[in-house]
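For the sequence shown, counting from 1, position 88 maps to 88 in this note's numbering; every step adds exactly one.
Worth flagging that the hints you see were computed from the coordinates, not collected in a lab. Hints may contain errors.
As the list claims (entries may be wrong) - Pairwise CB distance ranges, derived in the manner of DEER restraints:
hint: 1; residue 1: T250; residue 2: P104; range: 18 to 28 angstroms
hint: 2; residue 1: R258; residue 2: P213; range: 19 to 29 angstroms
hint: 3; residue 1: Q222; residue 2: P78; range: 32 to 42 angstroms
hint: 4; residue 1: G16; residue 2: P213; range: 38 to 48 angstroms
hint: 5; residue 1: E263; residue 2: Q21; range: 41 to 51 angstroms
hint: 6; residue 1: T18; residue 2: R148; range: 36 to 46 angstroms
hint: 7; residue 1: E229; residue 2: R267; range: 15 to 25 angstroms
hint: 8; residue 1: R227; residue 2: G80; range: 29 to 39 angstroms
hint: 9; residue 1: T247; residue 2: Q203; range: 20 to 30 angstroms
It should be emphasised that the depicted structure is a prediction, and the values quoted were computed from it without experimental measurement. Ideal placement from N, C-alpha and C gives every residue a C-beta, glycine not left out.
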Amino acid sequence: MRERRTGRQPRRGVAGPTPGQHEVKFGTAELLADADRPGGWLLTVDDVPQSYVQLDDPTYLEFEYVRRMGDVVDMLEPAGAPLESVHIGGGACTLPRYISAVRPGSRHLVIEADGALADLVREQLALRSVPQLRVRVGDGLVEVATLRDVSADLFVLDAFQQEVMPSGFGAREFVTQADRVLRPTGVYLANLAAGMFLLAGRQAVSAVTEVFPHVVLLADPQVLRGRREGNLVVAASRAPLPVAALTTRTASAPFPVRMLHGEELQRFVS
Numbered sequence: 001m002r003e004r005r006t007g008r009q010p011r012r013g014v015a016g017p018t019p020g021q022h023e024v025k026f027g028t029a030e031l032l033a034d035a036d037r038p039g040g041w042l043l044t045v046d047d048v049p050q051s052y053v054q055l056d057d058p059t060y061l062e063f064e065y066v067r068r069m070g071d072v073v074d075m076l077e078p079a080g081a082p083l084e085s086v087h088i089g090g091g092a093c094t095l096p097r098y099i100s101a102v103r104p105g106s107r108h109l110v111i112e113a114d115g116a117l118a119d120l121v122r123e124q125l126a127l128r129s130v131p132q133l134r135v136r137v138g139d140g141l142v143e144v145a146t147l148r149d150v151s152a153d154l155f156v157l158d159a160f161q162q163e164v165m166p167s168g169f170g171a172r173e174f175v176t177q178a179d180r181v182l183r184p185t186g187v188y189l190a191n192l193a194a195g196m197f198l199l200a201g202r203q204a205v206s207a208v209t210e211v212f213p214h215v216v217l218l219a220d221p222q223v224l225r226g227r228r229e230g231n232l233v234v235a236a237s238r239a240p241l242p243v244a245a246l247t248t249r250t251a252s253a254p255f256p257v258r259m260l261h262g263e264e265l266q267r268f269v270s
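Put together the whole structure using the sequences plus the hints.
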């Protein structure tokens with residue numbers, strides 16, 4: 001297990017990102033510059049998109065599911081207050097960058113299983129510029145047990161190997177560990193995979209509802225109907241969630257999004 005700290009400023013003399021391929025633990029990573037948006041970079045592993053970062057504007061969120069996660073972050077009270085956050089799965093650290101931009105003073109611990117990928121992001125995608133961010137290399141299913149009780153305001157799960165989320169992250173045991181780490185008003189925020197027919201997705205969401213009394217699910221309506229694969233964004237807490245604010249935010253989303261909670265969510269997972 002290695003832990004790396006990032007400072008506020010990148011090292012002098014370090015050039016900007018260089019497009020190209022790099023061998024990492026779980027495959028071949030590639031950095032691709034966005035031809036339509038200067039400063040935008042796509043990170044893929046074995047041709048599967050993993051992260052998109054806008055180095056000049058960390059508040060820009062390209063992937064739709066990350067926008068939904070950003071919506072949840074924006075609605076947390078008190079507005080704009082810094083957060084103590086844990087992130088299982090790092091990629092290019094898009095969400096930590098966003099949180100630091102909209103909630104200055106936030107602190108992040110990112111647990112990333114692929115050490116070579118973490119090194120690539122640190123060296124090529126200006127990770128040192130993100131204040132108060134630490135990267136720990138290790139298996140999130142193991143490392144979660146080492147985290148202190150009642151120590152985080154936000155616990156984020158976004159861990160994939162190519163297009164697959166390791167099954168242990170969808171289990172009730174893992175969600176229980178996240179609950180242990182969170183403060184009483186803390187929020188569990190997860191990006192879960194939804195395949196055709198939604199079996200694994202329903203099981204993962206069900207595990208969250210068994211641990212937390214307040215849960216909302218955000219997703220594309222076609223994904224919720226099992227008509228195509230996609231992402232399920234789940235927010236959960238022991239304290240009431242900002243359902244009304246999220247309803248207003250999702251109603252104005254540029255792409256279709258549906259929010260389930262209460263009895264409607266229970267019907268979805270049953």
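How the hints compare with the structure:
For T250 and P104, the Cβ-Cβ distance of about 26 angstroms falls inside the hinted range of 18 to 28 angstroms, so the restraint holds. Restraint check, R258 to P213: a C-beta distance of roughly 22 angstroms satisfies the suggested window 19 to 29 angstroms. At about 35 angstroms, the CB distance of Q222 to P78 agrees with the hint of 32 to 42 angstroms. For G16 and P213, the hinted distance range of 38 to 48 angstroms is satisfied, since their beta carbons lie about 47 angstroms from each other.
Range check, E263 to Q21: about 49 angstroms between beta-carbon atoms, so the 41 to 51 angstroms window is met. About 38 angstroms separates the C-beta atoms of T18 and R148, a value consistent with the hinted range of 36 to 46 angstroms. For E229 and R267, the Cβ-Cβ distance of about 21 angstroms falls inside the hinted range of 15 to 25 angstroms, so the restraint holds. Range check, R227 to G80: Cβ separation about 38 angstroms, and the 29 to 39 angstroms hint holds.
The hint said 20 to 30 angstroms for the Cβ distance between T247 and Q203, and at roughly 26 angstroms that hint holds.
Consistency with the previously given hints is maintained throughout, with no hint failing.
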